[in-house]
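Peer 1: Now for the letters of each chain:
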Amino acid sequence: MKLRLKQRATTLAIFFALMAVLGSMVVVSGVAPIRASSGHWAITKWFLAFSKNRSVATHSLGIKAPELDDLGRVRRGAGHYETACANCHGSPLRARSPVALAMTPTPPLLPPLVERRKPRELYYVVQHGILFAGMPAWPTQKRPEEVWDVVAFLVRLPQIDRDEYLRLISPETRPAPLPTADGVATAPLATCTRCHGADGGGGPGGAFPRLVGQPSEYLLDSLEAYAAGERHSGVMQTVAAVLTDEERRVLANHFGKMMAPGTDPTASPEDSEAIARGRKIAEHGLPDANVPSCIDCHGPGEQPISENYPRLAGQPTWYLERQLRLFHAGHRGGGANAHLMDTVAANLQETSYRDVAMYYSSLGNASQEDD
Amino acid sequence: MIMHAVNQSLQPILDRPRRATFSWSRRSIARWALLAVTVCTGCQGPQSALSPAGEGAEQIAALFWAMAIGAGMIWLVVIGLAAYALRIVPQPHDKRSSRRWVIGGGVIVPTLLLSILLMFGLAILPALVRPAPEGSLHVEVVGVRWWWRFIYPSPDGGSFELANEVRLPVGEPVQFDLRSADVIHGFWIPSLGGKVDMIPGRQTRLTLWPTAVGTYRGVCAEYCGASHAKMAFDVVVMPREEFDAWLRQQAQDAIDPSEPDARRGSEVFLKSGCGGCHAVRGTAADGSIGPDLTHFGSRHSLAAGSLENSPDNLRRWITEPQSIKPMAVMPGYHTLSDADLASLIAYLQGLE
Numbered sequence: 001m002k003l004r005l006k007q008r009a010t011t012l013a014i015f016f017a018l019m020a021v022l023g024s025m026v027v028v029s030g031v032a033p034i035r036a037s038s039g040h041w042a043i044t045k046w047f048l049a050f051s052k053n054r055s056v057a058t059h060s061l062g063i064k065a066p067e068l069d070d071l072g073r074v075r076r077g078a079g080h081y082e083t084a085c086a087n088c089h090g091s092p093l094r095a096r097s098p099v100a101l102a103m104t105p106t107p108p109l110l111p112p113l114v115e116r117r118k119p120r121e122l123y124y125v126v127q128h129g130i131l132f133a134g135m136p137a138w139p140t141q142k143r144p145e146e147v148w149d150v151v152a153f154l155v156r157l158p159q160i161d162r163d164e165y166l167r168l169i170s171p172e173t174r175p176a177p178l179p180t181a182d183g184v185a186t187a188p189l190a191t192c193t194r195c196h197g198a199d200g201g202g203g204p205g206g207a208f209p210r211l212v213g214q215p216s217e218y219l220l221d222s223l224e225a226y227a228a229g230e231r232h233s234g235v236m237q238t239v240a241a242v243l244t245d246e247e248r249r250v251l252a253n254h255f256g257k258m259m260a261p262g263t264d265p266t267a268s269p270e271d272s273e274a275i276a277r278g279r280k281i282a283e284h285g286l287p288d289a290n291v292p293s294c295i296d297c298h299g300p301g302e303q304p305i306s307e308n309y310p311r312l313a314g315q316p317t318w319y320l321e322r323q324l325r326l327f328h329a330g331h332r333g334g335g336a337n338a339h340l341m342d343t344v345a346a347n348l349q350e351t352s353y354r355d356v357a358m359y360y361s362s363l364g365n366a367s368q369e370d371d
Numbered sequence: 001m002i003m004h005a006v007n008q009s010l011q012p013i014l015d016r017p018r019r020a021t022f023s024w025s026r027r028s029i030a031r032w033a034l035l036a037v038t039v040c041t042g043c044q045g046p047q048s049a050l051s052p053a054g055e056g057a058e059q060i061a062a063l064f065w066a067m068a069i070g071a072g073m074i075w076l077v078v079i080g081l082a083a084y085a086l087r088i089v090p091q092p093h094d095k096r097s098s099r100r101w102v103i104g105g106g107v108i109v110p111t112l113l114l115s116i117l118l119m120f121g122l123a124i125l126p127a128l129v130r131p132a133p134e135g136s137l138h139v140e141v142v143g144v145r146w147w148w149r150f151i152y153p154s155p156d157g158g159s160f161e162l163a164n165e166v167r168l169p170v171g172e173p174v175q176f177d178l179r180s181a182d183v184i185h186g187f188w189i190p191s192l193g194g195k196v197d198m199i200p201g202r203q204t205r206l207t208l209w210p211t212a213v214g215t216y217r218g219v220c221a222e223y224c225g226a227s228h229a230k231m232a233f234d235v236v237v238m239p240r241e242e243f244d245a246w247l248r249q250q251a252q253d254a255i256d257p258s259e260p261d262a263r264r265g266s267e268v269f270l271k272s273g274c275g276g277c278h279a280v281r282g283t284a285a286d287g288s289i290g291p292d293l294t295h296f297g298s299r300h301s302l303a304a305g306s307l308e309n310s311p312d313n314l315r316r317w318i319t320e321p322q323s324i325k326p327m328a329v330m331p332g333y334h335t336l337s338d339a340d341l342a343s344l345i346a347y348l349q350g351l352e
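Going down the list, the sequences are from chains D and B. Each residue of the first sequence is one higher than the last, beginning at 1 in the numbering used here. Each residue of the second sequence is one higher than the last, beginning at 1 in the numbering used here.
Do not take every clue at face value.
[Stated by the list, open to error] Using 30 Å as the maximum straight-line C-alpha spacing, the simulated DSS-like pairs for lysine-lysine come out as follows:
1) K230(B) - K271(B)
2) K257(D) - K230(B)
3) K271(B) - K280(D)
4) K6(D) - K52(D)
In case anyone wonders, no lab produced these hints; they're calculated from the structure.
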């Protein structure tokens with residue numbers, strides 16, 4: 001009995017050793033095809049899809065979705081989708097690129113797929129990508145809110161038709177002729193204006209930050225920081241990194257020298273208490289907590305302020321609040337002067353972020369000072 | 001058995017001929033003199049409790065010397081007795097006389113001496129913490145990590161703020177009202193008097209009475225964080241008339257710079273947001289987080305006694321404050337252009 005067991009074990013060991021040798025020979029000889037052109041066997045395809053779905057379902061278990069029913073989020077998600085996702089996954093406006101269709105596995109058409117997925121699963125896939133499948137991770141892991149913007153768009157995607165999609169990605173309500181910037185190809189400029197508006201005003205409803213009213217120096221510093229990965233954003237890094245130095249300079253000048261039109265303030269008057277609190281902090285800071293005033297660097301005031309600092313008046317509430325949160329978490333990064341915000345981020349209480357953001361967005365006009 | 005071994009090993013020492021092995025060669029005298037000079041120069045300087053320039057400091061120094069000399073004498077007596085018992089009369093002593101020595105030298109004499117010392121110490125304490133007489137100068141001091149806010153009464157009745165340098169009239173009592181903005185600090189000008197802690201949520205008091213004109217140095221005497229060692233201030237004691245003139249001048253607003261470079265510097269100061277934290281009275285800069293800079297150019301040092309107030313040091317402080325004072329609230333303005341920096345330095349140093 002004992003002897004037979006031992007014999008069997010030996011036989012098994014020899015069998016596995018032979019298999020290993022055989023397997024190595026297959027790999028080393030290179031006879032196994034790695035080509036995408038022939039696709040997967042049906043069983044491989046099923047197995048990969050099954051294991052992928054299981055992994056996504058398990059790993060996304062702890063993720064809590066924020067409020068996604070927000071037109072601003074959907075607009076921002078749509079804007080980035082058009083820039084980065086539509087080429088492979090198609091959109092209500094255009095079919096998938098033949099290049100994408102020649103991939104194995106093929107990037108799926110999303111409308112039927114997203115209906116079967118929970119928002120947290122979509123978030124997990126957009127944030128982290130999928131190994132061996134060509135689905136890239138979000139360019140930075142420090143901006144979950146951006147990923148949720150895309151998820152907010154994706155969950156609505158099945159109901160979005162061509163016209164609706166067009167309205168989402170080119171939201172010009174005030175029709176303005178596509179501006180031409182000296183020496184810049186129209187394409188990069190169109191990428192800017194598609195979201196930020198031809199007038200740089202951030203589009204209707206304040207879905208995007210305003211570029212108009214910002215000095216060229218600050219805009220260029222920001223574009224360069226995005227391009228170098230020093231300011232973190234899956235959306236803006238994607239756009240800024242592929243521009244040439246010259247394009248970044250001309251685009252920054254283009255928006256930097258624009259005259260600021262009036263805006264529709266995004267804060268409602270019933271928030272006046274919060275605005276008053278925010279105004280107090282903006283004008284006087286919180287000296288006991290080592291929080292300096294905002295206006296000494298960001299305006300508005302009678303003093304001219306540095307061309308390297310952003311003007312905050314008129315920026316949408318969500319944007320300013322998000323920036324403060326990012327600074328607080330150490331995730332914002334930014335240009336050469338971003339470290340000046342460290343003290344503020346360390347000492348301003350999170351409960352005040354919204355107040356300050358609402359005060360600045362209530363100001364409505366991005367450049368009242370004439371420097 | 002063990003005792004025997006110990007005795008045997010001690011024998012060579014005990015059997016040594018009784019004569020002095022230490023000879024005062026010329027070299028050793030020079031060596032001792034050098035050591036004495038080195039140690040004594042450590043007692044001089046602007047920050048020494050051993051070269052007092054104020055009444056409190058004189059009492060403290062007297063107490064120190066009395067204790068040091070007394071302790072030295074006691075040490076000599078004890079060592080003398082030990083030598084007597086070991087070398088001169090090593091035989092067992094009479095039980096009764098031994099007991100007298102133990103009770104007398106071990107209980108009665110220390111009790112007596114320590115009581116005298118305690119009385120001496122307690123006697124000078126009230127003078128050190130007593131409020132200054134009516135009509136004396138009051139200076140409010142706030143300890144902030146890691147610098148000093150000094151609030152002086154202004155000649156016209158109000159008050160105004162200075163930082164990191166305190167000036168006092170000689171021969172008059174001055175009362176410091178001490179507070180802290182964050183953690184416990186200790187206010188200490190060793191040359192002028194004792195030290196008192198500055199405790200958050202409380203006001204403490206210290207009265208000093210400078211007796212000699214001169215420049216001294218005060219420090220934080222209670223560990224308060226990363227840059228505790230960089231939290232100092234200059235103390236200038238001056239004749240009454242000079243002090244009055246200084247106070248009048250410091251109470252005034254900053255004078256607008258006339259020189260073009262400095263004028264440009266004042267613009268750099270405001271547009272870079274310096275006024276968010278610093279005040280320059282008479283300008284739009286009204287921040288109160290950092291030191292008041294209205295008369296920055298008249299100060300001896302910068303960064304709370306960390307560096308001499310020179311253009312090069314100021315440039316270093318503005319561009320890389322963290323390398324001078326770790327964890328200071330001031331961020332580095334290394335992004336300013338060279339031209340802007342030069343103008344800014346000209347402006348700040350011109351604020352006299």
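Peer 1: Evaluate each hint against the coordinates.
Peer 2: Status of the hints after comparison with the structure:
1. Between K230(B) and K271(B) the alpha-carbon distance is near 29 Å, which keeps this suggested pair within the 30 Å criterion.
2. Between the alpha carbons of K257(D) and K230(B) the distance comes to roughly 46 Å, so the proposed pair goes past 30 Å and is violated.
3. Under the criterion of a C-alpha separation no larger than 30 Å, the hint pairing K271(B) with K280(D) is consistent with the structure, at around 20 Å.
4. A distance of roughly 40 Å separates the Cα atoms of K6(D) and K52(D); the hinted pair therefore is violated under the 30 Å criterion.
Hint compliance for this structure: hints 2 and 4 are not met, and every other hint is.
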